[in-house]
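*Asks:* Residue strings, one per chain:
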Amino acid sequence: MLSAMILLPLALALLVLFLPGDEAAKARTARLVGLGTTLLLFAMGLVLWAGFDSSTAAFQFTERAELFGGLFSWHLGVDGISLVLILLSVFLMPLCILAGWDSVKTRVPEYIAAFLVMESLMIGVFSALDIFLFYIFFEAGLIPMYLIIGIWGGKRRIYASYKFFLYTLLGSVLMLLAMLWMVREAGTTDIPALMAHDFPVKAQTWLWLAFFASFAVKMPMWPVHTWLPDAHVEAPTAGSMILAGVLLKMGGYGFIRFSLPMFPEASVQLMWVVLGLSMIAVVYTSLVALVQADMKKLIAYSSVAHMAFVTGGLFAFNTQGLEGAMVVMLSHGVVSAALFFCVGVIYDRLHTREIDRYGGVTTNMPRYAIFFLLFTMASIALPGTSGFVGEFMALTGIWKANTWVVFVMATGVILGAGYMLWLFARVMYGAQKNADAAAMPDLNRREWAVMVPLALVALWMGIYPKPFLEPLKAPVGSLMARLERAAPPQTPHTPIVAQSPVQLASATVGDAK
Amino acid sequence: MTLAQSLSIGAPEVVLAAGALVLLMIGVFRGNDSLKGLSWGAVILFGLAALTVIDDAPVRELAWNQLYVADALSSFLKILILGGAAAAVLMALPYMERVKLHRFEYPVLIVLATLGMCVMVSANNLLTLYVGLELMSLSAYVLAAFNRDEQRSTEAGLKYFVLGALSSGLLLYGVSLVYGFVGSTEFTRIAAGLSAGEGRNMGALFGLVFVFAGLAFKVSAVPFHMWTPDVYEGAPTPVAAFFASAPKVAAMGLFLRVALDAFSGMIADWRQLVIFMAIASMLVGALGAIGQSNIKRLLAYSSINNVGFMLIGLAAATASGASAVLLYLVIYVVMTIGSFLVVLALTDADGNAVETLDDLAGLARTRPWLATALSIFMLSLAGLPPLFGFMAKLAVFNSAVDAGLWLLAVLGVLSSVIAAYYYLRVVKILFFDPPAGVVANGQGGAVVNNGMMVAAAVFCSPAGYLLLGPLAQATRLAAGSLF
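Protein chains in written order, with numbering that gives the first Met the number 0: chain W, 0 to 512; chain E, 0 to 482.
Note that these hints are calculated values from the structure, not bench results.
A few of these clues could be false.
Unchecked claim - Derived, one-sided and incomplete: chain W residues facing chain E with beta-carbon distance under 10 angstroms:
no., residue
1, Gly-68
2, Ser-160
3, Tyr-161
Yeah, the Cβ is synthetic: ideal placement off N, Cα and C, and Gly gets one too.
Next comes chain E alone, as it looks inside the complex:
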């Protein structure tokens, strides 16, 4: 395989890498005033990268000496990641202006993180995986501490960094064990090596546990979830929105590929881990959220809870399970970005962010549309019909029933009832309580943000079901490339 071929297969990454450097140069020379231009530049870059992805025919192609794979799964995930990243860049603009935080590094860091994520989902080797993961993580640490003059933000950055470094260490240790006991870091060879050996490969099993621990940290599955509420709360809101969307997609997609591709010979072994993480995440996410008074922390627990449901699809270890995870990811990203858009729009009369739930009391009286949008997102995250979030839950439960994982399915539906309680609590605060009058009667905020919010709300409303046809087809195709 020639270099030219590799370059053309890896076109999205090439575009992002070159673009990031160009944006960085422009930023350095033009200063912080270029934030707006750079942000739109980043969005155009994402668009270009997405175009190169869509151009790809969904055939499995290997590049860079089998380090890199481009298939239907990676294309699907990349489009979702690029969309989430674009939303994160755009939604930040009015916020940055409001809190006087316009620094040109924001879009550049997002582009670099996105590049890392694209590498992650295209990894065909544990080392490519690590490189992509680290590029994403390092950008994310800086982004978490982006508001460097604020204590909470720096604390979030530091916490994220320390715990993230630990998880990277675990992951690397696992990679080295797998390499030692199987003899390769390439996914296809690991799979072949595992199925060739006699009996159970204990060393590889140890490696697998460490690799899964590192990945679980990135998707914030219990018991590796501790950083999530603190980081979401401390990081600037658009950054938290970014963390909750695109990196989750990348890490979950990677999880699918590692589990179902590289370790497909050890399904019975890792299934126990995933089932435990799924149940624990669903329960911790549901119970932990009940006591929260900050909406960003609540959304953090909500993301832990939702990751638990996604892991149900992974535990099924079937094509229908994988496609359920992918469908879940699409719907989850839209719901989460929508929720954070609402949080961004909540400001008091002085333009300060309003984040405590008590201050949102009676929002339906003062800002009815904002309250309606947030309610749609909350009820959709809860997976209540007729909202589109129900479809995501239905898909993962379906895969669990298909695979005969009854305990998981039953605990899943029961924990979704517990989770419904705190989502309903938000609706209650918005609609039933007397107005607190903290949130200002804004003039509607930025047009772009409002447009995205409306689009997300319509997607999560029953109207979203009309998109089910193409979505189901795409997820089935993407999941098919793993089997």
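Chain W on its own, in the form it takes in the complex:
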């Protein structure tokens, strides 16, 4: 099943490149094939979810083939953490294809092929159970994304594509050396076996730092986040959606799959590095977001701030923190993709992302305004939306680890409300400054088709998150058991016990006497 999910989009990507006919016919067929394939993969993802047993932390749907001469193996499988991330990927992909349906007009077959390859690699990253296989999938994603940004991107696309590629590559190569050392030390390339291997505490620090270099760039964490705004601004809408929606999650996934279970001692030792950077990131990038004049850049900076909640939650070393971090990732995946799509909708009409060029859009695009408002609220983490569940859980978790960190990070929630509401106010309310912005038509059918599923999922996760939390319980539980021995600091738990009114009254009466 997992192999099929990886190989099917690859095969169809090749097929798309060989389509017959003239330019227009090719483009039409390619889009249809792309949509069909991604929908099929979504259905396969749902089958995976239906057949998944949430009660165990063990990897399921495992497949193993010794294809590579014993150096490493084709070993796949999912646990709850990878399952939800795969679901996120296959859910977003058809929407990405739809998002670029009309706006991408040149080299459509290649465009569709790049996205299909991307999807295959994303599923590969989240399901690889061999450390080198993981690295190959993890790094391979750079090439299609480089092409997506470089070919279909905006004006500074070339600079952005280089920066994206080299930045991420530089982060990852040290991780490769760490992996080689680990494989030599543990004598296996199996991720489950490595997760159970106790590496010497001294070496853990180095290994942790090497992995951190890679995941922190991917995440991205302050101060290595600078590639993200450039990449987002220049990427086409669908590229931004997939970048924010899924690619950033690979960093978080890496922390939870590698750094925490494989180097528990080092993680605890270095937790302040992560918490410190997360605190800076939340405040700093929120403030930077506040002053952006470019909508995409604003949302890109807000992504960095949201990812800081993820890293904070992960390094709180408790169940709420870990589960909260996962939910923030899922929620951010849906909401930021939706926000980038919202920007894309008006960008397609006016070809500018400058906030000043818009104003009073609510008047001529009321339906669009409703969706934009919903996603803005979800991004602010209003109760009832997906954002609230995750951020609340993550902050609760961090509270247990350290109250002061929450004090700083919570300002991010306020600042987040600030920049998002201000963005909304400037774009959607006020006077209609420009005639062309006032003449923009409301959502068409295709845009509805993208907005509705995103909105439904954002609300579903906000109102009834249990189905998404359910698969996370068991793997998070086993991760907690693994972290136990490193004895992470937690604020002592002082339960407030409610006393019965009668006892209370008698006690007071007794005192009075």
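Put chain E on the given structure of chain W with help from the hints.
*Replies:* This is chain E only, laid out in the frame that chain W set:
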């Protein structure tokens, strides 16, 4: 050991030597029109030689009074050399016709150079090494100047000759020093002599430095790399493809044997040299390529860069390091030959070769498959996953980590990031830039060349990983014969 036994052990060389003379005779009597027949004849000859190699059971056999050794390592390298040489002969045919250069000497010279390379990898004596090296080099000098009416080609030939002669001199001087201070030129006796003596043999150390300098020149490792960009640029493209593939294999294989067999007692001494050359080659190769505008010069720097990575495996001085070098060589040869096949296919409307990178702008719009193939080769040379070139880099880094050479490993991965920049630049020019419209919309070119190009591209693509099993087994076996 009788002559007959020696002849049968040295069968590949015998076949090549006799065949070269026959081809030369045919060429002399039939003239330049026989080029096509001679080329296919050379390929058949390579096939025959390969058959005699494969027949060899991988046991270590000495012949010609211990001058010559046939073992798993030499068999492995010979097959790779013969394959690379065959590709170089075949890919030249359409080119020679296009530029009106059909001279029958081309396949004959390649066969002679190949014979030299086979002798090199089977050398068990510093003098056999020298004879093989010179046979290869002399043929190569002539090949570099093959387009003798063109200034650049003759310049390349002359430059190669002068610098090559210098390096041969260094090598010979080193050989004489080793002979003087150790008492033998035979590899096994050198190894025995070095480990027998008390303390450090300073004279032999001097000799070693000179021998390594001569070998470094042949693999074009920094600081002996200066000739490479000029020769690659000036020599006819198929000749450059040949230089970048088979001779690199032979010289690197020889390097392995000399370092790990003859000088196995001085690992701590030569390791410093190799580490320096590895780091310098990786950095010079990566930084030097950034400013290049000619794709052949770019490929020259790329080969310097890749040699640096191979030397990491040598510096490890372990069986896993040697087998990593061999795996690297296989993948490198395919990537390089593939890249040159693409360069050969690039012509403008008048059939002139297009070599500047700017002229390749937007090739993805006009010749999408050619652009895709070149991108695969470039990204594979950069060692980016999921392409097969990644496996080569992974193997050498693994051996460095195994041997505890952390500085080398870290500098290696960092320089691979620098190198990724210029490989990506080629992809950017091909895919992102507006079409320059210089490269003609050819009808697809020669069938054989296209077939080789597709095969090489598939090998470098992720599909190559499926071959990893047999490849790893073969390299392990070959490397095992050194330890």
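*Asks:* Run every hint past the structure and note whether it holds.
*Replies:* Each hint, compared with the structure:
no.: 1; hint: Gly-68; result: holds, 3 angstroms
no.: 2; hint: Ser-160; result: holds, 7 angstroms
no.: 3; hint: Tyr-161; result: holds, 7 angstroms
In terms of the numbered hints stated before, the structure departs from none.
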